[in-house]
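Residue numbers (the numbering used here), protein chains in the order written: chain A, 83 to 519; chain B, -16 to 284.
Fair warning: there could be bad hints in the mix.
[As the list claims (entries may be wrong)] Quick partial rundown of chain B residues pointing at chain A, CB under 8 angstroms, derived from the structure:
#1 Arg28
#2 Pro227
#3 Arg234
#4 Met248
#5 Ser249
[To be verified] FRET-style restraints, in silico, Cβ to Cβ:
#6 B:Arg51 - A:Asp468: 39 to 45 angstroms
#7 B:Pro13 - A:Asp210: 37 to 43 angstroms
#8 B:Ala128 - A:Glu375: 31 to 37 angstroms
#9 A:Gly183 - B:Arg51: 29 to 35 angstroms
[Claimed, not checked] These stretches of chain B come out as covered by chain A in the derived footprint (C-beta under 8 angstroms, 3 or more residues):
#10 29 to 37
#11 117 to 129
#12 263 to 275
If you are wondering where the hints come from, they were derived from the structure by calculation, not from laboratory data.
Only a predicted model underlies this, so the values are computations on that prediction, with no experimental measurement involved.
Ideal Cβ positions, reconstructed from N, Cα and C, are used throughout, including at glycine.
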Amino acid sequence: MSRTTRSTRLLALVAGASLVLTACGGDATEDGGDGAEGTAGGQGGGDALTVWIMEGTNPDATPFFEEVSTAFEEQTGATLDVQFVPWASAHDQFTNAIAGGTGPDVAEVGTTWTPEFGDAGALMDLSDQIGEAGLAEQYLPSLMEAGTLDESVYGAPWYAGVRSLVYNTEMLEAAGVEAPTTWDELVEVGTALKEADPDVIPFPVPASVHTTTPFIWGAGGEVAVQEGDTWTSGLDSAESREGLDYLVSLVDEHGLSTPAASTWNEADTRDAFAQEDAAMIISGSWTPKSIIEANADLEGKLGVVPIPGQDGGMAPSFAGGSHLSVFETTDQPDLAWQFVEMMTSGEFAQKWGEQTGFFPGTNDLLSELEEADDPLVAPFATQMKDASKTLPVTPMWGQVEGAQVLPAMMGTLLSGDATVEEATQTAADEMNEIFGS
Amino acid sequence: MSAPSLGSARRPWWLLAPTLLVLGVLLLWPIVRVVVLSLQDFGLRELVRGGAEFIALDNYVAVLTNERLWRIALPNTVVFAAACVVLTVVVGTLIALVLHQLSGVWRTLVTMAIMAAWAVPAVTGTYVWVYLFDAREGFLTGLLAQAGLIDLATQNLFSDRGWFYAIATLNVVHHGFPFVAVTVLAGLTTIPQELHEAAMIDGATAWQRFRQITLPLLKPVFAIVTILSTIWDFKVFTQIYLMPGGDGANRSVLNLGTWSYVTAMSQNNYGMGAAIAVLLTLLLLAVTVIYLRTLFREEEL
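Bound conformation, chain B alone:
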C-alpha cells in the first residue's frame, strides 16, 4: 500500500509542526512585523488609529546618515561586545581550569559561588554594581579614589563614557563567565588524562599542554561559548538601560539596543526604532556567519 510511505514522508513535518508553530508565532511573526514597521512612518497616532504610510527605506537612510550611529551607538555596541566576549571566554576558561584542578569541598564551594553569580537576575546584578560605584558612597568608587585613580570631588563615573562601559563590562562579564566556566569544565572532563601525562613526560609546560592538547580538543566547545557570548553581548540592553544615564539621558552611552528602545518607546518613533533593531539583527547575523565560516573552513582544510 502507498499509505505508509506517504505517511513516513510526511512524518518529519508532523513531528516538526509543534516547534515550527511555536517558532512561527513567537519569533517569525514578530520579526516580520518589525521589518514591516521599519518601512513605515509609524508614530503614536498610527499606533492608535492605524493607517501607517510606507516610506520605503527612509528610516534606514535616517539611521545610516545619523552621526549618532557612527560615533556613538555602533562603536559602543561593537567595542563593548568584543571586550565582553574576550573577557568572558578568558575568565570563564581560567575558572574552568582552576575548577578542574580542585576536588572535593573546594570544588563544590567554588561552583556554588559561580552559580550564585549566574543565578542573580540581570536587574538585581546591575543595581548592585551601580550601588558599588555610586559617586558619593560607593564602596568601589571609594577604593578607586583612595588609589588616586579618580577624584570624587569632581567625577561621577557614570557620566563618563569610558568608565560607564568599564562598569557595564564588569557587570556583563561577571554575569556571563559562569556559563563559559561550566561548559568548558564539562569539555575538560572529556579529555583523556593520558594525553596530558604523555605530554608531561615529554617535558611540555602547562601552557604548551593547554595550547597543544586542550585547545584543539575543545575547539567545538569554545566555538559554542564564543558564538553564544557574542550574540548575548551584542544585544545587551538591561544592564545599560538601568545604569544612571543609560536610559537615553546620557547620549554618549547609547548602544544600538537602548537607542532602538528609546527611539521607539520614549519618542514614539516606532518606524525608526524598528529600523535600528533590524540593523542590529543584521549586524549580529553577519558577525555570526563570518565567525562560523572561518571556523568550518579551517576544519575542512
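Extracted from the complex, chain A is given alone in its bound form:
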C-alpha cells in the first residue's frame, strides 16, 4: 500500500518536473527560431534583456515600449522585459536589488542617484561605449556631468525636465490678474485669487525638494557648496533663509496654501491642481499632458511661465532627468548598450520626448524643441536654457535625498514646529554629517 503511494508520488513529481522542463524547452526553440532571422548584430539570439523604467513619465508607456520591443527584437533578436517602477519607492528598490543581486540589465536612474550607485560599483562605466558611438558631444553637457564621477560615465543621458509655474488661466482671469513675474506679484496674485474664490488654494506649498529649491536659489542661496573635495550645506546661509522666509510667509502670513499640503508630495500637489482645487503650482515640463489626461476639462486652460525671480527675471529650478544605466551584474553588456543607444539617440528618443513633454538628452533634439512655439513647451524651454540648476553631483547626495533632509525641513516649517532659523540649522547639520564635513 505504502509502496503504491510512494511510486504514485514519484510519478507525479517526474511528470511535474518534465512539464517545467518542456515549458522551458519550448521557449528556447521558439526564440531561437525568431532569432535566426534577425540576428544581424550577431548577439544573443533568444536572449532577454530586463529593463526597469520609472512609472508615470509617459502616460502611454505601454504602447511605446511595445514598439521599442519590436524594433529591438528586429535589430538584435533579443526580447525586452520592461518593468515599471514607481519613483517614490525606486531608490529603495534599487538598493534592495543591488543587495540581493536581482537588479535588471538596464535601468532608468534619476540623475541625482547615478553618482551614488556608480560610486558604489553597481553601475557599469559607459565612457568607452559612448565614445565609440560618437555620442559624447551629442549628449546634453549638464546631464553628462550629472552622471560623471572621476571620469567614469555611469549613465547615458536619456531625457531632462525642468519645473516652472503652471497655472489655471480660467481662475486667474476670474480674479482679474495676470501670471506673476516677481515674488511680490506672486503674493498679490495669490491674494486676489483667494478673494475671488476662498475655496481655491492659490499656491499650495508641499514639503518637496523641487518646489522648495527655486526659492532658495531665487534668493541667491545654495543647497550645498563644494570647496575642494568637501561639500558643505548652504541651507543655513542668510540668502537661503531669506528665500525660505518668503516661502513660509506665503503659507502662514498670506494663507495661500493649505495645511494639508504640509504632508503632500509633488504628485499630490499636481492632483489638487488637476481637480481644480489649486490655482498655481510649481510643476514639471512633463506634467501638463498628464494633468489634462487626468481632467479633460482643463484642456486649453493651462498656462505656463518661468518661475518668477525675487525682483523680476527668473528663479532657477532643478534641471532633473534620467540616465539609462547598465547594471554591473548584467551578463549581456553589449546587448544592454545597444538598447541604451537605441533609446537615447534618434527616433525613439525624439518620440519619447514628444510623448512625455520631457526634453530629449541630446543637443540636436533639444534645439528642435526650442524653436517650436508651443505655449506649454516654450516657457519650460526658456527655464531649462536660462534658469536651471543641478543639485550637488556627489555620491553622498543620494543619502541626503534618502534621509529626506529637505522634505523634513519643510515639514517642520509648514507645521510651524520650527522657525526658519532652527529648521535650516537642523537640516544643514544633518546634511553636513552625511557629507562628513
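Go by the hints and put chain B onto chain A.
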C-alpha cells in the same frame, strides 16, 4: 540489540530536523547576519564590493548616544505599544463578552464584522484610515472640526506627533482586537455555567463575577493574547511607514522600526540600521521575559 535504543534516542532529533532546518534558514541565519552587520561599517559600497570593516560597538554607541533614540524613537515605540496592547486587550475582551451573550443571527453578524476588520490587510487598512483623516476632505477630520476639536484652517493632523500616533493607535487596535476577541471568546465558552449561576445566587454583581471567576480562569488566555499583542505592537512598521510623513520625512514620528528601515535602506547605513534592529529585538525580548516571569512566579506562589 542496541540499534533500536540508539534509534529511539535519536528519533526526536529526526522528527525535529525539518523544523529546525526551516527555522535555521529562515530565522537564525538572518538574525546572525543582522548581528554581524550591526558590528560593521556597512554602506552601499560594501554591499556591492564586499570588504566591510568591523568597527566593534561603534554603531551601538552611535545609536545609544543619539538624541533621536531617547527623545523620539524609544518613547514613540514604547508608549504607542503600551497604549495599543492595553486598548487591544480591553476592547477585544469587551467584544468577546458581548459575543458570549449574543446568540443566533446577531452573533454571526457581529463575528463577521469582526472578521472583516481582521481580514483587511494592514496596507489597505492604513490607507483607509489616512483617507478618513485627510486634512482637507477626510470624513473624520470633518467631524472633529465640527466638534471644535481641531481647526481645519491651520491643522494637518499627520504633522502632529500626538494626533499621528492617535490615528495609528486606532488603526492598530482596530486591526488587532478581533484576534483577542476570538481567543477570549473561545476561553469564555470553557467556563462552566454553574460557577456564574452560583455566584449570582450569592448576589455577585457582573463586575464581581468577571473579576472573581472569568479573570482567574482565563489567565492563561490573557497571558497569550497580551504577549502576542506586545510583540506585534512593539514592531509595528507598515501602519506607521505608510502614513503621511511616516517614511522618515517627519522626524518626530519615527519609531524604532521605521528608524531602522530608513537608516538602513534610504540612507544606505546598513550597519547602524541593523544595530537599531538588534536593540529593538533585545527590548522586545526583555519585555517578554519580564512579563513571563511575573506571570509564572505568581503561579508558583
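A quick look at each hint next to the structure:
no., hint, verdict
1, Arg28, "holds, 5 angstroms"
2, Pro227, "holds, 4 angstroms"
3, Arg234, "holds, 5 angstroms"
4, Met248, "holds, 5 angstroms"
5, Ser249, "holds, 4 angstroms"
6, B:Arg51 - A:Asp468: 39 to 45 angstroms, "holds, 42 angstroms"
7, B:Pro13 - A:Asp210: 37 to 43 angstroms, "holds, 40 angstroms"
8, B:Ala128 - A:Glu375: 31 to 37 angstroms, "holds, 33 angstroms"
9, A:Gly183 - B:Arg51: 29 to 35 angstroms, "holds, 32 angstroms"
10, 29 to 37, "holds (count 3)"
11, 117 to 129, "holds (count 3)"
12, 263 to 275, "violated (count 0)"
This entry does not satisfy hint 12, going by the numbered hints stated previously; all others are met.
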